[in-house]
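Asks: In case you want the letters, here they are:
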Amino acid sequence: MEKINIICVDDEREVLESVSRDLDYFSDMFNIEECESAFECLALLEEFDEQQEYVALIISDHIMPEKSGVELLTEVAMDNRFAGTKKLLLTGLATQADTIQAINNAKLDNFLAKVWDPKELLQMVKELITEYIIEKGIDYEEYIEKLDAPTLYRLLKS
Amino acid sequence: MSMFSQYLKYLLPVIIPLIILLLPSDSFGIVGLTLIEQRVIAIFALAALCWVLEPIPIFATSVVIIVSELLLISDKGLWFFKTPSPDLGHLIDYQTIMATFASPIIMLFLGGFFLAMAATKYRLDVNLARVLLKPFGNKPKYVMLGLMMITAVFSMFMSNTATTVMMLSILSPVIALLATKDLGKVAFSLSVPVAANIGGIGTPIGTPPNAIALKYLVNENSISFGEWMVFGVPFVVVMLFIAWLLLIKLFPTSTEQIDLNIKGKFLKTPKAITVYITFIGTILLWLMGDIHGMNAYVVALIPVAVFVTFKIINKEDLKRISWDVLWLVSGGIALGVALDKSGLAEHAVDAIPFGGLHPLLLILGASILCLVMANFISHTAAANLLLPLIAALATTMQSLLPYGGEVVLILAVTFAASLGMSLPISTPPNALAYASGNIETRQMAKIGVIIGVVGVLVAFAMLFIMNKTNFIG
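Chains as they are written, first to last, in my numbering: chain R, 1 to 158; chain L, 1 to 473.
Hints should not be assumed to be uniformly reliable.
The list that follows gives simulated cross-link-like pairs (lysine to aspartate or glutamate, DMTMM-like), each with its CA atoms no further than 20 Å apart [unchecked claim]:
id	chain 1	residue 1	chain 2	residue 2
1	L	Lys271	R	Asp28
2	L	Lys271	R	Glu46
3	R	Lys136	L	Glu256
4	L	Lys319	R	Asp79
5	L	Lys263	R	Glu75
6	R	Lys114	R	Asp98
7	R	Lys67	R	Glu50
8	R	Lys107	R	Glu75
9	R	Lys136	R	Glu14
10	L	Lys265	R	Glu135
11	L	Lys268	R	Glu135
12	L	Lys271	L	Asp317
13	L	Lys263	R	Glu141
14	L	Lys265	R	Asp79
15	L	Lys315	R	Glu141
16	L	Lys263	R	Asp98
Residues of chain L placed beyond 12 Å of chain R at every Cβ, according to the derived structure [as the list claims (entries may be wrong)]:
id	residue
17	Leu35
18	Leu53
19	Asp75
20	Ser85
21	Arg130
22	Ser169
23	Val230
24	Gly264
25	Lys265
26	Phe266
27	Gly293
28	Lys341
29	Leu393
30	Ser399
31	Ile450
32	Val453
Keep in mind the hints are simulated off the structure, nothing from the lab. Cβ atoms here follow ideal geometry from the backbone N, Cα and C, with glycine treated the same way.
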């Protein structure tokens, strides 16, 4: 079984913990990492790249000191090494300009507003991870219990 | 009229082969032409027209050739094509035709594709480029020499197109910094496709025409992987040097300094190390010749097994193999099989009085023809069409022997196939470089025509030396 990572980024400790609590469902098969800043996330990405580990998903807050979530995700989107990594922006305070930038430059896969419904987040992550696994050619059967069946059928059919 | 000429490329490949099929068999000027041989002429005409006019993708033409052969001239074809008659000729075993999809030549290329794909996936290519470029400093003309040498070396083992894409992606941010009017832009943009096209000549897996040539270099004419490199690499070095001189003379840059900034470091995971070892091991096994008992085709499948076993190449990667290139080559091999097994090749060569032709004139004529064709159609398609004919012709021409025989003729034509690079449509590397917007067609043509003509002459000189030293012939 390959090691597949999910990274959560938020400068507020409580939010970060709440997100990872909601993602606990995945923790037995995926590695869930918590970062308190964009810089910490970038350093972690370097480390994963050096070890050639998969990074399936980055869930990031937008408003953070020094480097915003959109800036972080834009950097990831431009980096060939992380082509295919799914990006979810989780924010309550995004202006229209931020949102436009997020979609055009960071190539967001999903956008979720704070405060979120845990069920909705879980479903979103399920779908994104399913897409990642199929697109990367990872053997999906090992992870099938955690994947979203309709997404799986749709992708395998094509 | 314009409407008509637009449809011509679809009509000709259908009508001309049909006419050939329906003509009485004595209208070809070949005494005792069988029905099967006549159908092979039709299939050959179909192939030539489709590859030149490109009404369908060139790999599709290859598949059409193979299927036409199965239907028209195989022992399991359509019933009315098998009706016994005294002038039917030999039906070809259907298994022989189908086997062209998996011929040793195809396996050699598959192995090459796996090596290249793993090298790219584990960034061996970019990291090697970074390390190898360092000694060339930052003077523009030496940076260009470095770039060209590295591009050429990579394209000996990777596809010319993949190498070009990688090098242009490294180069494009640097070219963008040069002044708008700086001719250096042209020189740098051209250096990559030129080096990639030339580099492909260096090894049997460098470019498909080489592999197709190996198909016709059999028995006493066979050339091993290492032997190919013994003459291929020096040829590449000489041509590269000439190309470099031309580029810096014709398109001098006004920039003092060029800094290529390639980031990254070598990966050190177990998988990456497996890739490094397998890559080096495979090349060593190829170079050792047959000391270990394995030929190049058998060796080529070792990396395939290693990479799939260790999940270095997974099933998603497998889908990205250039199956179209493999099928394109298969079609060429099938065309050769049909010409040979039907007896047409021998029959036609006997009927046409080539005996009176001076062998040197034949070598020159065939090479120039191939060079011209390769400028307008795919290099592989040009080799697919010409090499089976050339090979058939060469086996019967005793007068070729003093000049090195079959090998010299086949190699001269093969090299010419790789030297067609004067237009954006000549090769995918040219098209990619042209897309940068830094080059005008006439600038590409200037370099391309000189390299093509000089290249053919250098190839002649080299083959002459090889013959005199008894390396071949």
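Asks: For every hint, state whether the structure bears it out.
Replies: Here's how the hints hold up against the structure:
1. L:Lys271 / R:Asp28: With a Cα-Cα distance of about 24 Å, the restraint between lysine 271 of chain L and aspartate 28 of chain R is violated, given a limit of 20 Å.
2. L:Lys271 / R:Glu46: Holds, at roughly 17 Å.
3. R:Lys136 / L:Glu256: violated, 44 Å
4. L:Lys319 / R:Asp79: The given pair, whose Cα atoms are some 23 Å apart, is violated under the 20 Å limit.
5. L:Lys263 / R:Glu75: holds, 15 Å
6. R:Lys114 / R:Asp98: At roughly 15 Å apart (the allowed maximum being 20 Å), aspartate 98 of chain R and lysine 114 of chain R satisfy the hint.
7. R:Lys67 / R:Glu50: Between lysine 67 of chain R and glutamate 50 of chain R the Cα gap is close to 23 Å, so the pair fails against 20 Å, i.e. violated.
8. R:Lys107 / R:Glu75: OK: lysine 107 of chain R and glutamate 75 of chain R at ~10 Å, within 20 Å.
9. R:Lys136 / R:Glu14: violated, 33 Å
10. L:Lys265 / R:Glu135: It is violated: about 26 Å lies between the C-alpha atoms, which goes past 20 Å.
11. L:Lys268 / R:Glu135: violated, 25 Å
12. L:Lys271 / L:Asp317: Given pair lysine 271 of chain L, aspartate 317 of chain L holds - Cα atoms ~15 Å apart, limit 20 Å.
13. L:Lys263 / R:Glu141: violated, 36 Å
14. L:Lys265 / R:Asp79: Distance ~15 Å between lysine 265 of chain L and aspartate 79 of chain R Cα, so the pair holds.
15. L:Lys315 / R:Glu141: Holds - the C-alpha atoms of glutamate 141 of chain R and lysine 315 of chain L are around 13 Å apart, at most 20 Å.
16. L:Lys263 / R:Asp98: The given pair, whose Cα atoms are some 30 Å apart, is violated under the 20 Å limit.
17. Leu35: holds, 46 Å
18. Leu53: holds, 33 Å
19. Asp75: The claim holds: aspartate 75 of chain L sits with its nearest Cβ about 39 Å from chain R, beyond 12 Å.
20. Ser85: holds, 50 Å
21. Arg130: holds, 15 Å
22. Ser169: violated, 9 Å
23. Val230: Label holds. Min Cβ-Cβ 37 Å, cutoff 12 Å.
24. Gly264: violated, 9 Å
25. Lys265: Given a closest Cβ separation of 8 Å, the condition is violated.
26. Phe266: violated, 10 Å
27. Gly293: For glycine 293 of chain L, whose nearest Cβ neighbour in chain R is about 35 Å away, the distance exceeds 12 Å, so it holds.
28. Lys341: holds, 40 Å
29. Leu393: Label holds. Min Cβ-Cβ 47 Å, cutoff 12 Å.
30. Ser399: holds, 56 Å
31. Ile450: holds, 36 Å
32. Val453: holds, 39 Å
The earlier numbered hints that this structure contradicts are 1, 3, 4, 7, 9, 10, 11, 13, 16, 22, 24, 25, 26.
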